[in-house]
Each structure stands twice: as C-alpha cells, then as structure tokens.
Amino acid sequence: MNLRRLLNMAIPWGVLACILLAAACLQTPEGQPVSVYFLTWDNARFLAVQAIVTGLGALGMGLVLLSGGIDLSAAAAAALSGIVTALLFQNGASAPAALGAGVLTGGVIGLLNGSLTAMLRAPAWILTLCTLAAVRGAADWLGAAPLLLPEGAGGLAAWVAPLPAWMPLAPGVWIVLLWGVLLGWLWRGSVFGRHAAAIGSSETAARLCGVHVCRVKVCIYTLAGVCFGLAGVAQAATTGQASPANGAGLAVEWIAAAIIGGVQLGGGAGSVWGALLGGVVIAVLRNACQQAGWPVPLQEIILGGVLLAAVALDRPRHATQGQS
Amino acid sequence: MRLLAIGVTQKSGAARTLCGAQLALAAGELHALLGPDGAGKSAFVAILRGVQRPVRGLMLLEGRPYAPASPDEARRAGVWSAGDGASLAGALTVEENLSLGAEPARRGWIDRRSRRALACRALTELPGKGIPPWALVESLSLADRRLVEIARALLAAPKVLLVEDPWPYVPEVSAPFFAALRRLATRGTAILYATRSVEAARACCTRYTLLREGGTVASGRMHGDGQARGKRLGEALPATLEEEPLPRLPRRMGRALVQAGAGLTLHEGEILGLAGLDGLERFPVRFGRDPDAIAGVLPGLSVADNLTLPCLRRFSYFGLLSLELQDTAALDWMEKLHLRARSPHQNAGTLSAADRQKILLGRHLLGQANVLFVEAPTRGLAGPAKRQIHALLQAIAAEGRGIVLASPDPAELLALCDTIALLRPGPQPGQPVECRPAVQWTERELAAALLEPAPTDAKRSAL
Numbered sequence: 001m002n003l004r005r006l007l008n009m010a011i012p013w014g015v016l017a018c019i020l021l022a023a024a025c026l027q028t029p030e031g032q033p034v035s036v037y038f039l040t041w042d043n044a045r046f047l048a049v050q051a052i053v054t055g056l057g058a059l060g061m062g063l064v065l066l067s068g069g070i071d072l073s074a075a076a077a078a079a080l081s082g083i084v085t086a087l088l089f090q091n092g093a094s095a096p097a098a099l100g101a102g103v104l105t106g107g108v109i110g111l112l113n114g115s116l117t118a119m120l121r122a123p124a125w126i127l128t129l130c131t132l133a134a135v136r137g138a139a140d141w142l143g144a145a146p147l148l149l150p151e152g153a154g155g156l157a158a159w160v161a162p163l164p165a166w167m168p169l170a171p172g173v174w175i176v177l178l179w180g181v182l183l184g185w186l187w188r189g190s191v192f193g194r195h196a197a198a199i200g201s202s203e204t205a206a207r208l209c210g211v212h213v214c215r216v217k218v219c220i221y222t223l224a225g226v227c228f229g230l231a232g233v234a235q236a237a238t239t240g241q242a243s244p245a246n247g248a249g250l251a252v253e254w255i256a257a258a259i260i261g262g263v264q265l266g267g268g269a270g271s272v273w274g275a276l277l278g279g280v281v282i283a284v285l286r287n288a289c290q291q292a293g294w295p296v297p298l299q300e301i302i303l304g305g306v307l308l309a310a311v312a313l314d315r316p317r318h319a320t321q322g323q324s
Numbered sequence: 001m002r003l004l005a006i007g008v009t010q011k012s013g014a015a016r017t018l019c020g021a022q023l024a025l026a027a028g029e030l031h032a033l034l035g036p037d038g039a040g041k042s043a044f045v046a047i048l049r050g051v052q053r054p055v056r057g058l059m060l061l062e063g064r065p066y067a068p069a070s071p072d073e074a075r076r077a078g079v080w081s082a083g084d085g086a087s088l089a090g091a092l093t094v095e096e097n098l099s100l101g102a103e104p105a106r107r108g109w110i111d112r113r114s115r116r117a118l119a120c121r122a123l124t125e126l127p128g129k130g131i132p133p134w135a136l137v138e139s140l141s142l143a144d145r146r147l148v149e150i151a152r153a154l155l156a157a158p159k160v161l162l163v164e165d166p167w168p169y170v171p172e173v174s175a176p177f178f179a180a181l182r183r184l185a186t187r188g189t190a191i192l193y194a195t196r197s198v199e200a201a202r203a204c205c206t207r208y209t210l211l212r213e214g215g216t217v218a219s220g221r222m223h224g225d226g227q228a229r230g231k232r233l234g235e236a237l238p239a240t241l242e243e244e245p246l247p248r249l250p251r252r253m254g255r256a257l258v259q260a261g262a263g264l265t266l267h268e269g270e271i272l273g274l275a276g277l278d279g280l281e282r283f284p285v286r287f288g289r290d291p292d293a294i295a296g297v298l299p300g301l302s303v304a305d306n307l308t309l310p311c312l313r314r315f316s317y318f319g320l321l322s323l324e325l326q327d328t329a330a331l332d333w334m335e336k337l338h339l340r341a342r343s344p345h346q347n348a349g350t351l352s353a354a355d356r357q358k359i360l361l362g363r364h365l366l367g368q369a370n371v372l373f374v375e376a377p378t379r380g381l382a383g384p385a386k387r388q389i390h391a392l393l394q395a396i397a398a399e400g401r402g403i404v405l406a407s408p409d410p411a412e413l414l415a416l417c418d419t420i421a422l423l424r425p426g427p428q429p430g431q432p433v434e435c436r437p438a439v440q441w442t443e444r445e446l447a448a449a450l451l452e453p454a455p456t457d458a459k460r461s462a463l
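Note that the protein sequences, when read in sequence, are chains A and B.
Each residue of the first sequence is one higher than the last, beginning at 1 in this note's numbering.
Each residue of the second sequence is one higher than the last, beginning at 1 in this note's numbering.
In short, the hints are calculated from the structure, not lab data.
Hints may contain errors.
[Unchecked claim] Computed far set for chain B versus chain A, every beta-carbon distance over 12 Å: (1) Arg16; (2) Gly85; (3) Arg112; (4) Gly130; (5) Asp305; (6) Gly319; (7) Ala369; (8) Pro384; (9) Glu434.
[Stated by the list, open to error] Cβ-Cβ distance ranges computed for the label pairs, FRET-style: (10) Ala67(B) / Val36(A): 55 to 63 Å; (11) Leu182(A) / Asp332(B): 25 to 33 Å; (12) Leu182(A) / Arg56(B): 46 to 54 Å; (13) Gly14(A) / Leu60(B): 40 to 48 Å.
Yeah, the Cβ is synthetic: ideal placement off N, Cα and C, and Gly gets one too.
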C-alpha cells in the first residue's frame, strides 16, 4: 500500500521529468535543442506566470472533483469573469471594484451550480452543462465587441508580468501559492474539508453520518467558482484583453491537471495541493510545446492524450480504495 | 475423479483462511463440504469457482490442471455455482433466466416457442409444485429461486456444481431442493454441497469432507464403511457443528425510544430483530423520526476520519480540526475495537471486511446516536470476527441505546435480540406478521419463514 502511495505521489513528478527529458531531446524549428530556451531562468519566471491561470483553475476543479462533483461551466465562468472585469475597467471603474466584480461573478456562478446540484440532486455534469450554456451565452453577449484592457489597467499588468528582474516570481504567482496553501489547509484540517471529503467518498454514507451534504456542496462549488473567477481575471490581465474565446479548452486542461495531480475520478482520494501541482505540470507541458514551436491545435490534441492517459491511470492508482 | 484439490492454501490479509485443504469429487456424486462457521468453506468454494485465487495448491478437473482466474473462466470449464439465487437476473422471467446465455435463436431473433419448451422441460423435472415459466424471478421465494438455479443446471448438466447453503436446515423446505440435486447427480454432474448442518448433509449426500480451521480433517462415506476412513484422518463426523452461543450481557430495557409504524416499539437497551429476506430496504419500516443508520465505510478517507466523522466538531476549535485530539481518540477506539490497522491514518478502504464493519459500529459507539439500524452486520464474516461484532452490538445496547437489527441469519437474531419481528413481502410490504420475544421463536420457524416466505404472494398470483 505504501508503494502505491509512493507511486501516486511520484506520478506528477514523473510526468514533469518526462516533459523535461522530451524538451532536452526535441529541437526548435531553428534546429537548436528546445532546452536551450526551455531550461532557462527567464523561461522559468515566464512559465510561473503562465501557470497562474492553470493553477487557479486546477485548484477550483480539484475541490469540485474531490468532493465527488464536476464543474463543466468552469471555463465559461472564467471567461465571463474576465469580460466583466474588462467592461468595468473600460467604463472607468477603479481597479479593486473591477477585480472584485470579476471574482464575484465566478463566485455567483459557483453558488448557482452548488445550489442546483444540492436542490435538484441530479448528476453534476448535466447541471453544470446547463449553466455552461447559459454562462457562455452571457459571455458572448457582453463580449461581442473586442474588450481591451486599458493601458496598465490600474497596475494590474504588473501583477502578472515577470517584472521587475530582482523579484524571483511575479506577485500573482505568490498569490496563487498562498491561495493554494490556504485551500489545502482548509481541505485537510477543517471540519468543512473533512465533510467535503466524506461526500466525495460516499455521499449516502456522509449523509447518514450527519453531514449537511447540501450546505457543504454549495460552499464547495462557490469556493471553486471564486477560483475560476480569479483565473478569469488573471487571464484577462496576462493577455491584456477579454473575450468569450478565452475560455476555450480550459476546462479540459483543468480537469487533466487535477487528475494528474492525484485527484481520484469520482472523488474521495487526493489532495488540493496535488491538484495545484498538476496545474504546474500542465503549464510546463504547454510551455514546452510552445518552445518546440508546435501549433496550438496540436497542443490541444496532446492535452487530450495526456488527459486520457491520466484517466487510464486513475484505476490502478486508486485500485485498493473502492473494494467495498 | 472429476475434481481433485490438494493442499489448497489461502490468505486473507495476514490470517490464513485455508491451510492445505483437500477434496476429491467423483462424477455423479453428492458430496457434502462440512465445517463450522469460519472453517473456510466459503473460501474454498470461492477458489473452486474462480472468485479468488489460492496462494498455493493444486487443482485438477478431469485430470487436467484447473486454475480459474474468474467465475467466467470456471463456468466455461464446466464448474457452475448455485445456492442463493444470486446467479439469476431478478428482473427477467424464469424462462428467460433458464436460457440466458444460450438462447435458442434464429438469425439473432429469439425463438420463443422453443425457449418455452426448453423451460418447461427443465421445470417439469423439478419436484413439488410447478414454477410457472413466465413468473418474474424476483417474485419467487428464495426456495423457488434455488430450484430455478438447479433447473438451469439440469439443462446444461455441467461437470461440477458448487452449492453453498448458508441457511439452517429445515427438512420440509429443503426436501424438494435435495430431490432436484439428486436428479442432477444422476446426469453425471459432481455436486459439492457446502453447509454447516450435519443433518442436512446426512439427508442428501453420500460422501463428505470435513473442514476445520482451514484444513481437511476428515472425509469418507456418509453411511457404512466411511466412518472408519474418517477416523483414520483424525476425526469422526460429529453429530453437530454448531458453536456455543455467545453469553448474553445483562441488559435493562428502558423507556420506549421510537414507535414504528407497523406496531413495533423499540426501547432503550433493546435489540429488535427483523427477520426477513433482504432486510430494511425491501421492508421499509417507518419510524417516527429519522434514526441514525449505519452507513458504509468511506473509502479513501483515513481510519481516524471514518471513526470520528459524525462527531468531528468534538475534535475541533472553531471549525479547525485538532489532528492530535482526533488521532488520540481514534487510537483509543482502534484498541477497543480490536481493529487491525497499522495507524489511524491508514486508508479505511484497504481494511478487511470485518475491520470495516467494526469501524461502522465503532463510529456509532463514539457518536451520540441512540437509535441504530444495523443490517446484516456479519455478512461474509465468520468465527472470531463474527463474535467480536456480536459482542460490540451487545455493548452498544448495554449502554442504553436501541438497535434495530435486520439479519438473514436466524441464529444471529436468536443470539442477540430481545424481540424478533418477522416481516414478509406481500400486499403491504413491511407489515410484521408476527412479533414475539426472542425466547418464543425457534431457529427452524425463522428459517422456514425466510426460505418460503409467501403463502399469498401478490406478484405471483397476479401473473
């Protein structure tokens, strides 16, 4: 059993090692080894910034998956959050108000998802599919015209840029790490976290143990929504613009990140920190692909393959746990 | 020899369930696999039918090595199993079940007429009252379902049929079943009949193998010269294998805790037994308020989390858990429950069935629930593990809590309960037919009601 646990923890690191190895072997279109660009301090700092969005999304998706649910509307929620922020900036709102409204948007969508799953008791994937449609519609509507963030956007760009040189990691990266530590601690060390884990392991059993399943679910989805809202705002800040297309493909990326990080499909086993680590792995993968000069569609295909591999590994990884 | 097994050894966790068990099964014989609870009968049968693989041991089927990796493989090799109706699809009719997997068909379309003919041929061979081929299997009594399984075997005449009979022996009920087995044996099928009742084995089998603590201690003929062979192996066949019942803890019944809809009352310190086929799910007894039920173990969560989940707040300050307090309490209870876990942080999903059951009971000893629903708490357990669970249930009741115990095992109900209510399916499910103090029930009465529950079976008469 300890071997299995070791294997479980080793998988994200193993994937990371594979990517680095591949980067050392591959060549850029200019004929140089990818590692010349890839394994540099500047790229590491740039990568950390890229990992902000993936990490935040993986944290939120990890929370939902760990408690036995899934949120398919995550990427659309992130896109809408970014659009709300950009709209408010364009209309001259102050930075705290614009950012707060963006994050709040994510939280409200999460609250809606949580309330729906708690009240209707239908499978989460179908309910969040409904919200996905609605949220995407709203994003298309609000973001019909291209929304560029104003120059500087209240200093927002500086938070997610790998500048200045004396700072090892951008401020945004620190915020994500702090948020991850907080959520992980909440998961492992609070009554709320243990109740959520119990729901992920067996909802009926948790209900019969006196866990307020509905309340905990609403909180989990809301918390995840806040993560997605943060991810959306961060993405708008990094790209300097917000559009409905921002969310494309992100949900797959986040689910893959959480599962690579050791979150069991269907909930129960895994940790929030693992999900964050999975997010970093995905960001490294993206970055390596970019350095190798591979086009975005190819990256999407590779990502799908990675998710498939992670799902295939899910059963052997957690085999001893579902025997009851 | 049709089936030969030598030196079969099996482990469950650290404990050995089988240790050099052996068996010789001839074609066309009815062979009893005898042994008290926990002797390893089920483990042996599980290996023979491919559910488990032995750690060591040689098995030969008609002289060729036989090591099934799955029940499917065993079935393809000609080793079938029957006994509790579990191999039937409840939502299908008897005739559909009889031809399942070998449907008479023409170009993919089922030939209904020959299917009906096939079913009728098998069913008329069964003794006693006829089972209609169009009846839904789930509407049949357990005794009839067992017969349908034998009818299916009659159609195919497998090489070996493994029959597990966990129920107490009731001559009137078992007679048609034994007659059907005998008829199957005349077709050349070797039948292994696993039971703990020597009486039942005497009634139907010609030879026996006696297991004790995982090893074969005797084998021979049921009547005549076999006694001598049995003695040579070390032990003659005893008259009974029943164990001494657990001594009862003194309990005091207090005030009434809940009034059940069907005229049942549960008192403080009382264990109320529900005898019936599948326990509470099929017989929804309505209690006045939501009682705390024993839920499943949460796999993936630690032993400590599993034990303390209903009362986590006791181990936390302002919503933040104190892992130290939680671990201390868990360690304390692990010792009290004789839990075989390495640490409170071990994943509860990796524990043995007995230990998981102990966690469920321990969870509620720790908590403050004063009414517990317990359903088949020793299903699949035997020997010391079973006795530990029984002692735990008694301890819970002795604390003044009330327990509703649904169990398919009449012996268990009689050993533990103060009052036993017999529930029967029928027009109004959940209506207890009779409710009497436990001392006024006999094991045979309960077993007979279990196997032949329905004199007025609504579903069947409607068909």
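Taking the hints in turn, this is what the structure says about them:
Non-interface call for Arg16(B) relative to chain A: holds, since the shortest CB-CB distance, roughly 20 Å, exceeds 12 Å. The beta carbon of Gly85(B) sits about 23 Å from the closest Cβ of chain A, which is more than 12 Å, so the claim that it is off the interface holds. Distance check for Arg112(B) against chain A: the nearest CB is about 38 Å away, which clears 12 Å, and the non-interface claim stands. Here Gly130(B) stays apart from chain A, with its beta-carbon at least about 40 Å from theirs, past the 12 Å limit.
Here Asp305(B) does not stay apart from chain A, with its beta-carbon only about 6 Å from theirs, under the 12 Å limit. A cut-off of 12 Å between C-beta atoms contradicts the statement that Gly319(B) is not in contact with chain A; the least separation is 5 Å. With a cut of 12 Å on Cβ distances, Ala369(B) falls inside the contact zone with chain A, its closest approach being about 8 Å. The claim that Pro384(B) is not at the interface with chain A holds, since no C-beta of that chain comes within 12 Å of its own (minimum 21 Å).
Taking the minimum C-beta to C-beta distance to chain A, about 29 Å, the non-interface status of Glu434(B) holds against the 12 Å cut. For Ala67(B) and Val36(A), the hinted distance range of 55 to 63 Å is satisfied, since their beta carbons lie about 56 Å from each other. Take Leu182(A) and Asp332(B): their Cβ atoms lie about 32 Å apart, and the range 25 to 33 Å holds. Our hint of 46 to 54 Å for Leu182(A) and Arg56(B) holds, since their Cβ atoms are close to 53 Å apart.
For the hinted restraint 40 to 48 Å between Gly14(A) and Leu60(B), the CB-CB distance of approximately 45 Å keeps it satisfied.
Going down the numbered hints, you'll see the structure goes against 5, 6 and 7, while the others check out.
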